[in-house]
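Asker: Listed here are the chains, written in short residue letters.
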Amino acid sequence: MAEGLEFALRYPFSDSAKAALSGMDLTERIVDLAAERLLKALKGDKSTKMLLHDSDRKEEIASFAAARMILGQMRNGYMTNMFAVNESKRVRDCLDRDDERTVDAVAAQFGISTTSEGKKLTIDLPTYLKFSTRNPHYRLINRRLVRGRVEINYEEKKRLIEEAVKKHMESIPLIKDPPDIIKAAGARLIAELPKTESRVLGNIKPGDHPPCVMKLLDEMKKHTNLPHQARLYLATYFLAIGMNEDELTKMFSMLPDFSEKITRYQVGHIKKKEYNVASCATVMTYGLCCAVCRIGSPLNWHTLDDFRKNAIKERGA
Amino acid sequence: MNANDTMVAKKIFASYYETAEFRIPRIEQREFGIGNMKKIDARHLNFGNAQEFRNYLCNNTPLFVSHSTGYYEFPGASPMVKKCWKGADVVFDLDIHAEGKYGAYAHLGRVKEDVMRLVNDFILNDFGIGRDNVAVAFSGNRGYHVHVRDPAFLSIGSDERRELVDYIMGQGLDYTQFFSPSDTKPARLLGPKPDEGGYRGRLARGTIKLLEEDPGKLSRLFTKEKERGFFISGIQEGNWSRTSLKSGDLVSRLKGVAATLPVSSVDTDAGVTQDLSKLIRVPNSIHGDTGMVARIIEDIGAFDPWKDAMMREAEGGGTGEMKIRFTEDVPAIEMDQTLGPFKKDDELALPRHYALFFVLKGSATISG
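Protein sequences appear in the order of chains X and L.
First residue of the first sequence: 48, per my numbering; consecutive thereafter.
First residue of the second sequence: 23, per my numbering; consecutive thereafter.
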């Protein structure tokens with residue numbers, strides 16, 4: 048527990064946090080704090096509590112583990128993703144404030160280790176692939192890669208840690224027979240979740256859209272946080288095939304960091320500026336292509352007959 | 023293929039499998055699939071060790087046999103989710119699709135060059151994977167399989183594998199980003215040096231190679247030895263300004279060089295690399311469409327499928343000739359010698375492995 052309670056409070060998934068919790072029992076107070084933590088995630092509040100007393104700190108740390116138990120019992124994709132996105136953003140804020148040694152200690156939790164070569168940092172390729180987002184900036188093709196080491200800078204290293212935290216938070220172990228207080232907290236939280244799922248998505252059948260679009264929609268149904276390029280692509284695509292701004296905004300409401308105001312503005316802006324739908328080549332560059340359709344533009348999907356569509360689906364990812 | 027042809031083929035296959043050398047790491051953790059009518063008729067098979075596998079092949083002798091790239095806790099379980107996936111080799115499938123049943127064979131040499139570039143430039147140099155963890159095998163038909171078994175890569179997911187394929191295929195490659203003006207006056211064009219890694223180094227080396235072999239392709243200027251030598255000496259230092267060509271013009275002229283850098287024949291089968299539960303031909307097994315061995319290759323440069331992938335006499339391939347009758351027209355094929363063309367109803371005796379090749383391709387039937 049070299050890093051102490053303050054470290055464990057900011058990074059409650061760490062070994063230090065686990066060590067701090069040894070011997071502690073699950074209490075109602077901890078479960079209440081866990082529910083509070085989850086509600087904060089729903090609101091997008093990513094602050095870390097400042098606590099003076101060790102006993103309060105320990106309870107707050109325990110609330111993280113209890114929150115994961117609640118999620119494990121709820122098995123609700125939306126709630127889990129909201130929590131994963133919020134916690135990873137909270138951790139990123141902490142990393143930005145902490146010194147390099149602390150950042151390294153957090154990185155080590157996920158097997159992320161970098162080597163300094165002058166001013167540059169390098170990281171091993173498999174770890175880089177696991178924790179880099181699929182956006183053009185992080186595409187391997189745009190990186191210096193020598194003998195299995197990828198060059199990154201310090202900011203990018205923190206972004207990789209943020210992604211590692213998110214992935215860790217997304218994989219919640221199934222809790223089959225949880226204590227009653229966990230079950231009750233889960234039931235209370237269900238009432239807080241948005242009730243309506245987007246009807247727009249419900250009407251879409253397999254084969255209605257190209258495989259890359261279907262894959263993004265599937266991810267959206269699971270409330271996965273999509274990268275910027277993926278959202279832009281979906282917006283231009285659906286506007287081009289005639290979906291209106293209201294329906295599109297409703298569709299994006301499945302995203303864990305959805306804000307109606309921002310989405311409406313962005314969708315309106317895309318429509319006003321008449322942005323083109325990305326070509327297949329651009330979709331590939333974004334890292335969003337998942338099949339080999341050879342149709343040039345995703346819009347050409349609608350000119351294919353069912354036989355071709357099925358052949359592509361079978362051949363694809 | 024009629025029942026007699028199948029029986030003869032299977033007999034030959036079985037005698038090969040009696041002594042065939044399989045090198046399948048962690049065989050007990052892999053799923054197997056076999057096929058007779060199709061490449062895979064049945065899957066979810068598993069074998070505790072190589073001997074069990076050999077016994078199965080000798081007794082049941084399928085025309086095709088594949089193993090999973092994935093490792094499982096319970097490889098024989100089904101559905102897939104019950105197998106408990108533990109990791110998977112990263113496999114690249116390189117082949118050529120061409121018109122007609124025999125069209126692809128003329129391009130096998132080009133695929134081989136791509137395999138060498140994939141292994142040496144990308145897998146060993148860029149990805150930093152040790153040669154011991156890379157196995158190359160002929161597919162048994164019109165391409166090659168490259169199996170990467172580095173433990174650090176086994177657990178990467180489908181998206182990550184796609185990223186590797188995109189890198190190899192050069193998806194999104196913007197080589198113009200490799201160049202930038204220096205902040206000196208006058209500004210020099212700074213660019214990649216030949217000793218750099220990845221696409222940067224490859225672009226510099228590719229440009230020098232083009233200048234040495236066919237300089238006029240880049241610009242007529244470089245046909246003059248002095249001009250060319252001066253430009254190349256600059257590239258060696260990362261200074262691309264030692265020419266009278268304007269920077270913008272020079273960079274756009276490099277488009278042709280950049281286009282040769284990726285490995286394009288991975289393209290057609292990008293899905294193979296991404297699929298975490300893919301079944302792939304067992305290295306050193308026989309391909310049921312050709313009778314050729316999916317041979318494990320030590321020296322890629324020296325490999326000639328028409329010699330090295332044929333079943334050898336000592337392997338059960340047998341000697342002598344086999345009499346066949348062609349059931350359709352077959353164009354001339356460049357093997358280690360030119361065979362054909364053959365006309366429908368031609369009846370002749372060919373060395374056994376060639377005869378078997380045409381029978382399994384469905385172009386002939388055994389008549390003797």
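Keep in mind the hints are simulated off the structure, nothing from the lab.
Accuracy of the hints is not assured; some may be wrong.
Distance ranges between label pairs, derived from CB positions [claimed, not checked]:
#1 Arg132/L to Thr95/X: 57 to 65 angstroms
#2 Ser218/X to Arg48/L: 46 to 54 angstroms
#3 Lys360/X to Gly122/L: 48 to 56 angstroms
#4 Glu164/X to Glu259/L: 17 to 25 angstroms
Think about it this way: if two alpha-carbon atoms lie no more than 30 angstroms apart in a straight line, the pair counts; the simulated DSSO-like pairs of lysine-lysine are [said to hold, decoys possible]:
#5 Lys360/X to Lys268/L
#6 Lys60/L to Lys356/X
#7 Lys268/L to Lys65/X
#8 Lys123/L to Lys60/L
Reference excerpt, derived from the structure (chain X facing chain L, CB under 8 angstroms, subset only) [what the hints assert, rightly or not]:
#9 Leu99
#10 Ala112
#11 Leu168
Here a beta-carbon is modelled for each residue, glycine too, at the ideal position from N, C-alpha and C.
Asker: For Glu164/X and Glu259/L, compare the CB-CB distance with the range 17 to 25 angstroms and indicate the outcome.
Answerer: 21 angstroms, holds
Asker: Are Lys123/L and Lys60/L close enough, with their CA atoms no more than 30 angstroms apart?
Answerer: Holds. Lys123/L to Lys60/L sits at ~17 angstroms (cutoff 30 angstroms).
Asker: Per the CB criterion, is Ala112/X less than 8 angstroms away from chain L?
Answerer: 25 angstroms, violated
Asker: Please verify that hint: Leu99/X, Cβ, nearest Cβ of chain L, below 8 angstroms or not.
Answerer: At 42 angstroms from the nearest chain L Cβ, Leu99/X fails the 8 angstroms test, so the hint is violated.
Asker: Against the 30 angstroms threshold, does the CA-CA distance of Lys60/L and Lys356/X hold or violate the hint?
Answerer: Between Lys60/L and Lys356/X the Cα gap is close to 23 angstroms, so the pair holds against 30 angstroms.
Asker: Is the hinted pair Lys360/X and Lys268/L satisfied, with a Cα-Cα distance of at most 30 angstroms?
Answerer: The hint is violated at about 47 angstroms.
Asker: Cβ-Cβ distance between Arg132/L and Thr95/X: within 57 to 65 angstroms?
Answerer: 58 angstroms, holds
Asker: Starting from Lys268/L, check that the Cα of Lys65/X is at most 30 angstroms away, please.
Answerer: 62 angstroms, violated
Asker: Holds or violated: Leu168/X as interface residue toward chain L, Cβ cutoff 8 angstroms?
Answerer: With a minimum Cβ separation of about 16 angstroms from chain L (threshold 8 angstroms), the hint on Leu168/X is violated.
Asker: Per the hint of 48 to 56 angstroms, is the separation of the Cβ atoms of Lys360/X and Gly122/L within bounds?
Answerer: Roughly 27 angstroms apart at Cβ, these two residues miss the hinted range, so it is violated.
Asker: Note whether the CB distance of Ser218/X and Arg48/L lies within 46 to 54 angstroms or breaks it.
Answerer: Given about 25 angstroms between the Cβ atoms, the range is violated.
Taken one by one, the earlier hints fail for this structure at numbers 2, 3, 5, 7, 9, 10, 11, listed in ascending order.
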